[in-house]
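Engineer: Sequences listed follow chains A and B, in order.
Here the first sequence stands for residues 334 to 743, numbered as in this note's numbering.
Here the second sequence stands for residues 6 to 326, numbered as in this note's numbering.
Do not take every clue at face value.
Using C-beta positions, here's what the derived DEER-type ranges look like [said to hold, decoys possible]:
| no. | chain 1 | residue 1 | chain 2 | residue 2 | range |
| --- | --- | --- | --- | --- | --- |
| 1 | B | Tyr129 | A | Leu453 | 34 to 42 Å |
| 2 | A | Arg678 | B | Ala105 | 24 to 32 Å |
| 3 | B | Ala105 | A | Ser604 | 45 to 53 Å |
With a cut-off of at most 20 Å between alpha-carbon atoms, the simulated EDC-like pairs for lysine to aspartate or glutamate come out as follows [unchecked claim]:
| no. | chain 1 | residue 1 | chain 2 | residue 2 |
| --- | --- | --- | --- | --- |
| 4 | B | Lys169 | A | Glu669 |
| 5 | B | Lys314 | A | Asp733 |
| 6 | A | Lys539 | B | Glu289 |
| 7 | B | Lys319 | A | Glu669 |
| 8 | A | Lys573 | B | Glu273 |
| 9 | A | Lys342 | B | Glu46 |
| 10 | B | Lys314 | A | Glu732 |
| 11 | B | Lys321 | A | Asp733 |
| 12 | A | Lys677 | B | Glu109 |
| 13 | A | Lys677 | B | Asp57 |
| 14 | B | Lys73 | A | Glu447 |
| 15 | A | Lys342 | B | Glu183 |
| 16 | B | Lys156 | A | Glu530 |
| 17 | A | Lys677 | B | Asp212 |
| 18 | A | Lys390 | B | Glu277 |
| 19 | B | Lys54 | A | Asp426 |
| 20 | B | Lys321 | A | Glu727 |
| 21 | A | Lys539 | B | Asp229 |
| 22 | A | Lys617 | B | Glu46 |
| 23 | A | Lys570 | B | Glu46 |
| 24 | B | Lys321 | A | Asp353 |
| 25 | A | Lys539 | B | Glu183 |
| 26 | A | Lys561 | B | Asp116 |
| 27 | B | Lys250 | A | Glu447 |
No wet-lab data here; the hints were simulated from the structure.
Since the structure is predicted, the reported quantities are computational estimates derived from the model, not experimental observations.
Backbone N, C-alpha and C define an ideal beta-carbon position, used for all residues, glycine too.
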Amino acid sequence: MSDFQELIKNFSNIREYVRDFFVYGFKTRNEFQQKSSRTYDNQRRRLESWLSPYVRKDYATGGSNLSLAIDSNLLDTNPLFQVWKTKSFTDNDIVLHFFILDLLQSSSALTVEEITDKLLTKYETLFDVQVVRRKCNAYAKEGILQKQKIGKSVTFFLDNTLINWLKTNENIHDALAFYQIAGNLGIIGNVLSEQLEIQNQTFRVKHSFFVHTLEDGILFELLSAMNKQLMTQLEIKSSKNMHISTINCIPLQIFTSTRSGRRFLCAYLNSHRRFNCYRLDTIKKVFPLENVEHYNELLEKLNRNRPYLWGVSFQSQERSHLDTLVMTIWVQEPSEQYIVDRLKREGRGGTVTKTARNTYRYEIQVFDCNEMLPWIRTFTGRILSLECTAKSVEKRFYEDLENMYHMYKI
Amino acid sequence: MELFSELYSCYYRVLRHLLCSQNPLTIKEIYNRICQEGFEESLLSIIPKLEDGSWDLFRREGELYLSKLSPSFCIPLTNLEKSYLKALLADSRILLFLDAEQAETLDRMLDSVQPLWHQEQFYYYDRFDDGDPYETETYRRHFRLLLKAQKNRQFVDIDYNSPKGNRVHHYYVPIRLEYSLKNDKFRLLALEQRSLNYNKLETLNIDRIASAQLTEHTLPSSIDINSIIQNSYYQEPLTLRILNKRNALERAMLHFANYEKNTTKIDENTYECLIYYNQSMETELLIEVLSFGPMLTVIGNERFLKSLKARLQKQKNLLQA
Numbered sequence: 334m335s336d337f338q339e340l341i342k343n344f345s346n347i348r349e350y351v352r353d354f355f356v357y358g359f360k361t362r363n364e365f366q367q368k369s370s371r372t373y374d375n376q377r378r379r380l381e382s383w384l385s386p387y388v389r390k391d392y393a394t395g396g397s398n399l400s401l402a403i404d405s406n407l408l409d410t411n412p413l414f415q416v417w418k419t420k421s422f423t424d425n426d427i428v429l430h431f432f433i434l435d436l437l438q439s440s441s442a443l444t445v446e447e448i449t450d451k452l453l454t455k456y457e458t459l460f461d462v463q464v465v466r467r468k469c470n471a472y473a474k475e476g477i478l479q480k481q482k483i484g485k486s487v488t489f490f491l492d493n494t495l496i497n498w499l500k501t502n503e504n505i506h507d508a509l510a511f512y513q514i515a516g517n518l519g520i521i522g523n524v525l526s527e528q529l530e531i532q533n534q535t536f537r538v539k540h541s542f543f544v545h546t547l548e549d550g551i552l553f554e555l556l557s558a559m560n561k562q563l564m565t566q567l568e569i570k571s572s573k574n575m576h577i578s579t580i581n582c583i584p585l586q587i588f589t590s591t592r593s594g595r596r597f598l599c600a601y602l603n604s605h606r607r608f609n610c611y612r613l614d615t616i617k618k619v620f621p622l623e624n625v626e627h628y629n630e631l632l633e634k635l636n637r638n639r640p641y642l643w644g645v646s647f648q649s650q651e652r653s654h655l656d657t658l659v660m661t662i663w664v665q666e667p668s669e670q671y672i673v674d675r676l677k678r679e680g681r682g683g684t685v686t687k688t689a690r691n692t693y694r695y696e697i698q699v700f701d702c703n704e705m706l707p708w709i710r711t712f713t714g715r716i717l718s719l720e721c722t723a724k725s726v727e728k729r730f731y732e733d734l735e736n737m738y739h740m741y742k743i
Numbered sequence: 006m007e008l009f010s011e012l013y014s015c016y017y018r019v020l021r022h023l024l025c026s027q028n029p030l031t032i033k034e035i036y037n038r039i040c041q042e043g044f045e046e047s048l049l050s051i052i053p054k055l056e057d058g059s060w061d062l063f064r065r066e067g068e069l070y071l072s073k074l075s076p077s078f079c080i081p082l083t084n085l086e087k088s089y090l091k092a093l094l095a096d097s098r099i100l101l102f103l104d105a106e107q108a109e110t111l112d113r114m115l116d117s118v119q120p121l122w123h124q125e126q127f128y129y130y131d132r133f134d135d136g137d138p139y140e141t142e143t144y145r146r147h148f149r150l151l152l153k154a155q156k157n158r159q160f161v162d163i164d165y166n167s168p169k170g171n172r173v174h175h176y177y178v179p180i181r182l183e184y185s186l187k188n189d190k191f192r193l194l195a196l197e198q199r200s201l202n203y204n205k206l207e208t209l210n211i212d213r214i215a216s217a218q219l220t221e222h223t224l225p226s227s228i229d230i231n232s233i234i235q236n237s238y239y240q241e242p243l244t245l246r247i248l249n250k251r252n253a254l255e256r257a258m259l260h261f262a263n264y265e266k267n268t269t270k271i272d273e274n275t276y277e278c279l280i281y282y283n284q285s286m287e288t289e290l291l292i293e294v295l296s297f298g299p300m301l302t303v304i305g306n307e308r309f310l311k312s313l314k315a316r317l318q319k320q321k322n323l324l325q326a
């Protein structure tokens with residue numbers, strides 16, 4: 334273990350470990366069979382180091398379990414953001430980072446040669462001019478340094494206008510405190526908050542899935558491809574059989590469930606001439622390909638299809654085009670008006686009609702009624718009837734109910 | 006633009022804090038700072054680099070470490086951070102925080118920047134339809150007032166339209182503003198002063214607040230909200246048995262990932278999961294468990310089991326009628 338390094342080069346290697354520990358939290362060492370023992374030990378040690386306040390150890394028969402005890406009701410930030418702050422670097426990287434930026438705080442624009450000279454005179458550190466050039470160009474590309482060319486001379490300088498404005502604006506601090514925990518790509522809001530020395534002590538978030546941040550790298554690449562309207566190649570690892578496949582698709586939209594904790598890419602497959610959704614946690618790599626000329630037409634087509642989507646499925650198992658589901662429920666009026674409100678609020682465009690006193694009918698037409706079953710079951714105790722043109726859905730609903738009566742001896 | 010970059014690393018942040026320190030530091034002070042802000046084992050990596058001069062960022066004067074950086078050191082935003090801010094400017098909630106002039110100023114400063122995403126690129130397919138009215142002036146005014154009161158621990162005089170239709174009037178100290186992604190709503194977690202020595206934690210929907218006025222009174226000390234929430238959890242957690250069919254295990258683990266829980270394997274295909282919750286979460290949790298159908302079995306607690314059975318019995322009666 335003498336060569337153990339706390340920091341890592343590659344995020345994708347650790348992503349699955351964190352997910353397994355966080356989401357499952359019951360896997361013992363023996364159950365991580367696809368990795369060597371040494372890899373497992375090192376990754377486990379890293380997780381314990383990065384996330385120490387949240388790590389819980391339990392002892393099971395097959396060895397000890399490591400899990401992450403994260404209760405989102407009690408947290409001001411997402412503890413899993415720590416995983417994004419573990420990138421390794423060289424000695425030169427960190428020294429040049431601080432000295433170049435410090436040097437330019439008090440200087441006007443400087444050439445690479447001037448910067449290299451001043452690093453020696455001011456900080457007594459000797460660097461090759463090519464090393465300094467590489468770092469300055471990299472920082473200009475990241476937006477930290479400004480680069481300008483006057484004649485043959487290329488100079489670098491700092492522009493602190495924006496950071497200084499942000500530092501003095503308390504309202505933006507509040508906004509960042511909120512968005513880092515509740516918004517998309519919150520990790521960026523979090524590092525920006527740290528840069529501004531802001532800590533969230535105001536906002537909490539309910540129905541949040543902290544594990545999503547592990548997919549933020551993939552999300553970021555997909556959004557980049559969507560912004561540029563590019564075809565992409567995805568490397569996908571099946572969550573069921575671990576089989577890895579690649580597909581070429583046109584990424585169009587991110588579908589998010591606020592209930593199940595799943596996020597999907599909705600994409601168009603030219604080869605099958607249809608839309609399909611892929612879970613973000615199964616996408617391992619994203620490779621941008623060529624520009625798609627008819628991108629906006631596909632988006633419009635998706636928008637036209639969306640009213641018939643219940644979740645993420647564009648086709649039922651019975652392969653019919655559209656299915657109709659009708660649910661009749663009993664509501665004690667007027668005290669249980671909130672149930673009718675629920676039907677309207679959560680019914681995703683389905684019609685709600687009062688058919689008799691205390692009786693309401695909900696009707697909807699969607700691509701795949703099978704996806705509706707979890708929601709339908711939330712009305713257990715009120716359902717007078719359920720009819721669906723997809724008979725397998727009806728059958729499963731009633732069979733599941735019978736199973737539950739049996740399980741609970743009712 | 007890179008998301009996984011050393012620019013955002015924990016080590017860079019720890020070193021920035023050490024280097025921006027105005028005072029010379031002893032090695033013990035450096036140790037303490039690394040322990041506070043770094044990872045658990047960061048000390049083992051950072052200290053040798055400082056001591057052997059590989060990171061020659063300090064001048065040594067005897068036992069003291071003096072930063073080579075100027076105190077005014079600061080780092081401009083990366084393109085990634087700018088693109089992120091640009092995307093936030095298009096969010097419907099941003100004007101709860103910024104006034105129009107501030108939003109305009111920021112937009113001008115980010116004039117040449119492309120947003121990291123556009124709102125329409127995200128589709129929340131199971132989000133409720135009745136989200137809060139962020140664009141109305143009354144809502145924004147209440148939100149800002151509550152935000153101010155929360156920071157100052159100030160009592161607020163609130164007139165509230167309860168879900169049952171009653172008008173309630175009380176003095177509250179805002180403790181947290183809670184956002185629900187599913188409901189697209191903000192709720193106020195606030196202490197209601199019942200007597201001189203007794204405050205009760207209440208949850209109010211911000212869009213149900215009819216009027217709110219700041220008062221002169223403040224709470225003398227801060228409140229440990231987590232203790233209040235944790236103390237509200239039932240002693241006996243919900244115990245679920247999960248049969249791993251139709252991918253139920255993975256779905257359940259993800260679905261309940263935002264609860265404090267503990268899962269153990271019982272046999273090859275069965276798992277047991279303990280979920281900690283309180284009274285305010287009970288109905289929602291019951292509905293979530295029901296949504297899984299027979300894939301989950303509730304073992305306990307008795308209270309939860311009783312509610313579940315009552316619903317199933319009612320369902321059976323309805324279908325037999």
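Engineer: Are the hints correct? Go through all of them and say.
Structural biologist: Here's how the hints hold up against the structure:
A hinted range of 34 to 42 Å is violated for the C-beta pair Tyr129(B) and Leu453(A), which are about 55 Å apart. Here the CB-CB span from Arg678(A) to Ala105(B) is close to 31 Å, well matched to the stated 24 to 32 Å. Checking the proposed 45 to 53 Å range against Ala105(B) and Ser604(A) shows it holds: the Cβ atoms sit about 48 Å from each other. Using a Cα cut-off of 20 Å, the hinted pair Lys169(B) and Glu669(A) holds, with the two alpha carbons roughly 11 Å apart.
Distance check on the hinted pair: Lys314(B) and Asp733(A) sit about 15 Å apart at the alpha-carbon level, within 20 Å; holds. With a C-alpha separation of about 12 Å, the suggested pair Lys539(A) and Glu289(B) falls inside the 20 Å cut-off, and the hint holds. A distance of roughly 15 Å separates the Cα atoms of Lys319(B) and Glu669(A); the hinted pair therefore holds under the 20 Å criterion. A C-alpha spacing of about 16 Å is found between Lys573(A) and Glu273(B), which places the hinted pair at or below 20 Å, so the restraint holds.
Taking the CA atoms of Lys342(A) and Glu46(B), the gap is about 17 Å. The hint holds against a cut of 20 Å. Among the hinted pairs, Lys314(B) with Glu732(A) is consistent with the structure: their alpha-carbon atoms are about 17 Å apart, no more than 20 Å. Between Lys321(B) and Asp733(A) the CA atoms are separated by roughly 12 Å; this keeps the pair inside 20 Å, and the hint holds. For the hint linking Lys677(A) to Glu109(B), the alpha-carbon distance of about 37 Å lies beyond 20 Å, and the restraint is violated.
Using a Cα cut-off of 20 Å, the hinted pair Lys677(A) and Asp57(B) is violated, with the two alpha carbons roughly 67 Å apart. Proposed proximity of Lys73(B) and Glu447(A) is supported: the alpha carbons are some 19 Å apart, at most 20 Å. Only pairs whose Cα atoms come within 20 Å are accepted, and Lys342(A) paired with Glu183(B) is rejected, the gap being roughly 36 Å. The suggested pairing of Lys156(B) with Glu530(A) holds, with an alpha-carbon distance near 16 Å, which does not exceed 20 Å.
Of the supplied pair hints, the one linking Lys677(A) and Asp212(B) holds, its CA atoms being roughly 19 Å apart against a limit of 20 Å. Proposed proximity of Lys390(A) and Glu277(B) is supported: the alpha carbons are some 17 Å apart, at most 20 Å. Of the supplied pair hints, the one linking Lys54(B) and Asp426(A) holds, its CA atoms being roughly 13 Å apart against a limit of 20 Å. Taking the CA atoms of Lys321(B) and Glu727(A), the gap is near 16 Å; set against the 20 Å cutoff, the hint holds.
With a C-alpha separation of about 18 Å, the suggested pair Lys539(A) and Asp229(B) falls inside the 20 Å cut-off, and the hint holds. Using a Cα cut-off of 20 Å, the hinted pair Lys617(A) and Glu46(B) is violated, with the two alpha carbons roughly 29 Å apart. Taking the CA atoms of Lys570(A) and Glu46(B), the gap is about 32 Å. The hint is violated against a cut of 20 Å. For the proposed pair Lys321(B) and Asp353(A), the alpha carbon gap of about 39 Å is over 20 Å, so the pair is violated.
A threshold of 20 Å between alpha carbons decides the hint, and for Lys539(A) with Glu183(B) the separation of about 7 Å falls inside it, so the pair holds. Between Lys561(A) and Asp116(B) the CA atoms are separated by roughly 19 Å; this keeps the pair inside 20 Å, and the hint holds. With a C-alpha separation of about 67 Å, the suggested pairing of Lys250(B) with Glu447(A) is violated against the 20 Å cut-off.
Hint check: violations occur at hints 1, 12, 13, 15, 22, 23, 24, 27; the rest are consistent with the structure.
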